[in-house]
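A.B. asks: Given chain A's structure and the hints, the job is docking chain B onto it.
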Amino acid sequence: MAVAVVLGVPALFLALFAYYPLAAIIGESWRDAPSVTAPFVEILAKPLVLRALGNSALQASLTALLVAVVGVPAGYILARYDFPARKLMRVFALVPFFLPSIVVVVAFVSLYGEGGFLGRWLAPARSLSEGLSGILAVNLFFNLPLVMVLTATSLEETDAEQLEAAALLGGSRWLHLRRFVWPQARSGVLAGALIAFVYAFLGYTVPLIVGGATNRTVEVEIFSRFYTYNDFAGAAALALVQLLVLAGLAAAFLRWLILHRPSGLAIRYPPPRKRLWAEASRTESVVVTAGLLLVFGFLFLPIGALGASAFLETDTGALSIRSFQILFSPATEEVLYVTTFQVILNTLFFACLTALLVVTLGILGAWGMRRLGPRGRWGADALLFIPLAISPITIAMGLYLAWAGRSSLGLAVWPLMLLAHVLVAFPLVVRTLVSSLDRVPEDAVEAAQTLGSHAPDRLFRVELPLIRRGLMLAAAVGFATSLGEFAANNLLYPIARPYTTMTVAIYRLLVTPEMSSDKPLREAAAAASLLLILLSAAVFFLLTRLPAAREARHGRKA
Amino acid sequence: MDWKDWRVKVTAIVIGAVLAVAAYAAYAAQYQRKVQATLIVYTYDSFFAYGDNATAAQAFVFDSFAESHRIELEVRRFGSSGDMKNALVLEKADPVADVVLGLSNLNGLVAKREGVLAPGAPNVPLSVLEPGLADALDPEHVLVPFEYSYIALDYDLRYLNETAFPELGEFMFEDITANPALARAFISGSPETSSSGLSFFLWNKAYWEKEHPDEPWWTWWADLYNATGGDIKIAPGWSEAFNLFYERAEGPDYHLLVSYATDPAYGFSFAGEAPWFGTTLVHNSTGGILGWREIQGMAVVNGTEHRELAETFLRWMLSNAVQNLIPMNEWVYPANRIVGGFVEFPYSIDPSNVIPLNEWISPELIATSLRDWLETWLEVIT
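If you're matching them up, the sequences are chains A and B in order. First residue of the first sequence: 1, per the working numbering; consecutive thereafter. First residue of the second sequence: 1001, per the working numbering; consecutive thereafter.
Keep in mind the hints are simulated off the structure, nothing from the lab. This structure is a prediction, so every number in the text was calculated from the model and none was measured. Glycine is no exception: its CB is placed at the ideal position from the N, C-alpha and C atoms. Mixed in with the good hints there might be a few duds.
Claimed, not checked - Pairwise CB distance ranges, derived in the manner of DEER restraints:
(1) B:A1222 x A:V41: 26 to 34 angstroms
(2) B:G1016 x A:G297: 41 to 49 angstroms
(3) B:S1064 x A:G8: 53 to 61 angstroms
(4) A:L249 x B:P1166: 55 to 63 angstroms
(5) B:A1222 x A:A250: 40 to 48 angstroms
(6) A:F300 x B:S1362: 54 to 62 angstroms
To be verified - Covered, in the sense of this in silico footprint (three residues per stretch, anywhere, with C-beta under 8 angstroms from a C-beta of chain A), are these stretches of chain B:
(7) 1082-1095
(8) 1229-1243
(9) 1364-1378
In isolation and in its complexed conformation, chain A is listed as follows (with noise of 0.2 angstroms):
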């Protein structure tokens, strides 16, 4: 009974905010529809259409492979090679996956882009900051991390004797990979892989300002759809088509979890790193740690460039804050229509309450989802992980139509910012707290259970406090997510610019013409980048450190 009234919660806000939305996609593009299959036929029949799915798979494609070839060496090197900072880079490895794309963007134009620190220099390097070659660098940049560090904590698992027995019996090198490490690390790489290839599917931030009119995505042309022709029910049956492509990508790929799960009997000890240039031969040293520089430095320059540029002025090259004095100026107002200052309001407002309602879901969800038999778990994971495959610009365009557009009901705009910010960090958010939960030992529970107390009590006396560090990293996904949600904001910007939040105002001062040159737009987007950075940053180092420095705080005193 209280499971039930508990995943309840959870489950209702799901049904309003995203099942139902969904059903108003569905119901839109059936509108004037004369049978069922009529408004897919006429989307499908549409070349431009067939070119942004062809596009769509291609960016796909492509990025997964390059993900895959440059992520699986540099993992096998994280978990084979011991070298000076590993420790450190592992975990700097992470921020890139964190970080709002159209910084990134911002970060890669200013790096290689045509006034760049690069591309001004060396044209050949300017491909990297547009067109397909400009997009698939941008999806490399935000996937890399996640293959890496995947592939190599896989092989960490890997059991050190299978190894050695595997080294006495002789074969080569090549054997030994295919027989011994690829299987370990298939499932991680595969897994990295797949959420590669979803996020280029789904790309829309970086082929809107990088790729032109001959790589727009489906969620390109669902956006144009929507946003130049106001075709709703065009626009809703493409968005069915993206669903129903990624839904089965993702039920294919469960599948096939399923079969090839890595066997879990070996026991388990790390195999030994080998120490570069002490232990490793030179070659291999040198080769390492080439390797190490260019991964590290394509990870790490565009970051380093999107800095250097807030603080040069881009006429005279002289060091100042003119950026900044740009970004706070009446210039940056008369483009945004309200101030920075408030832009910055709008988008802490957001974040926060995002971070605060996508938490109290999800431990409600995780919570429920413990206390149910595997049968009823396997339903509610579906339930829950569903909108995982929904895109943010449909997620935006379906609250739209359900609570405002279509509706009598006539929702304002700032709660449906809201309700997608949290929607798209919603499928996360449970993931964590889900596996966190899952840590805490029965018996724990069970004892608060024996002495009596309540089920409120028992989780925020016990539960919660055990969890505190997965808490705290679902909180800052949560803040993360809204802070870098650009497609369902920019989907709704003409009536949403009281609440222009900052990746907007970034993209609006990036394609407003330059009218003056003494005020450079362009120097503000760079300076508003900068200062997106070191707000999640800020943040994320706040929710995540902060339960650690506690804890050790308390150890020491017990």
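C.D. replies: Chain B only, in chain A's frame:
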């Protein structure tokens, strides 16, 4: 109070969140529709922004109207006509604006189709308008013209002139695709996102169908694609295109810009000397000058509670007082033919000799087919 107790913590968090939401809702409330007799006008950013004294001109249009009718008038501006149209469409369930100024072809047609413009012709004296103008914009007259201009090709005289390019004398679209140097110098706003780009697209299409009835209209774009080696320069909007035309330190140069026929007059007034660029329309085989009128329309927004007042404002926009300001503040022709009769733009094309091709493609046809045309166009140019 025991802060260690979870009940206290949860209550505090809930109260904090509720307060934050309430404060934000209060902030948001000021952007909702106002109850008192306020006229809210939506318009584009650069409306009346190009005169000697833009502030005074805008004050005359808006403030003096508000004062004489003893109302509050609020102007809300948008970065692009597309954003403005979207705001109207997305706010349809709960409209905010009363009047919209500055919808032309695509955005006006979409707005009308979506039902965000008040149905029926507003009560304005259409007889004062330049003949043919109102029907060319909207035969039902839901959208009413307040100004128009001819779309044209500007060319930078430092690189392109009649000595080097004699074809500029009696320019034709075919001249651009026949000469790779001109094809690569060509730059336009995208017809999907910019008014000038769309007007050019329609101008070119009408011309081709009239002059080459046996060829599909996209032939010219296919030729341009080949002549540029597959690299047609399309900018998102007119301003971006103009920036590339105006000044460029390095890289490929774009000296042939899709723009407006009155640009040289503005250039002359701005710099006080003969402009550094020329402008041209296109010619047919018999030397006739063929142009396309880009017509800016205004309308009453569906759901307004101040329809009378809104229509009064539209009449004010067509009055001699406001129309007189249009040439020197917008650098286009006023829709009012009496006022327009006295307008003369230096260095610009005399509109009295121009044959407008607008009649060649009816607004109804544009409304039903434009999207298909643009899809074909996108396919041809990419």
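A.B. asks: Each of the hints needs a verdict: does it hold here or not?
C.D. replies: Tested hints:
For A1222 (chain B) paired with V41 (chain A), a C-beta distance near 28 angstroms keeps the hint of 26 to 34 angstroms intact. Between G1016 (chain B) and G297 (chain A) the Cβ separation comes to about 44 angstroms, which falls inside the hinted range of 41 to 49 angstroms. For S1064 (chain B) and G8 (chain A), the hinted distance range of 53 to 61 angstroms is satisfied, since their beta carbons lie about 60 angstroms from each other. Take L249 (chain A) and P1166 (chain B): their Cβ atoms lie about 59 angstroms apart, and the range 55 to 63 angstroms holds.
Our hint of 40 to 48 angstroms for A1222 (chain B) and A250 (chain A) holds, since their Cβ atoms are close to 41 angstroms apart. Distance hint check: the CB atoms of F300 (chain A) and S1362 (chain B) are about 58 angstroms apart, consistent with the given range 54 to 62 angstroms. Residues of the segment 1082-1095 of chain B with a Cβ under 8 angstroms from some Cβ of chain A number 12, which satisfies the need for three, so the listed coverage holds. With a threshold of 8 angstroms between beta carbons, the proposed coverage of the segment 1229-1243 of chain B by chain A holds, since 7 of its residues qualify and at least three are required.
Closer than 8 angstroms: that is the beta-carbon criterion, and the segment 1364-1378 of chain B has 3 residues meeting it against chain A, so the requirement of 3 holds.
Hint compliance for this structure: no hint is broken.
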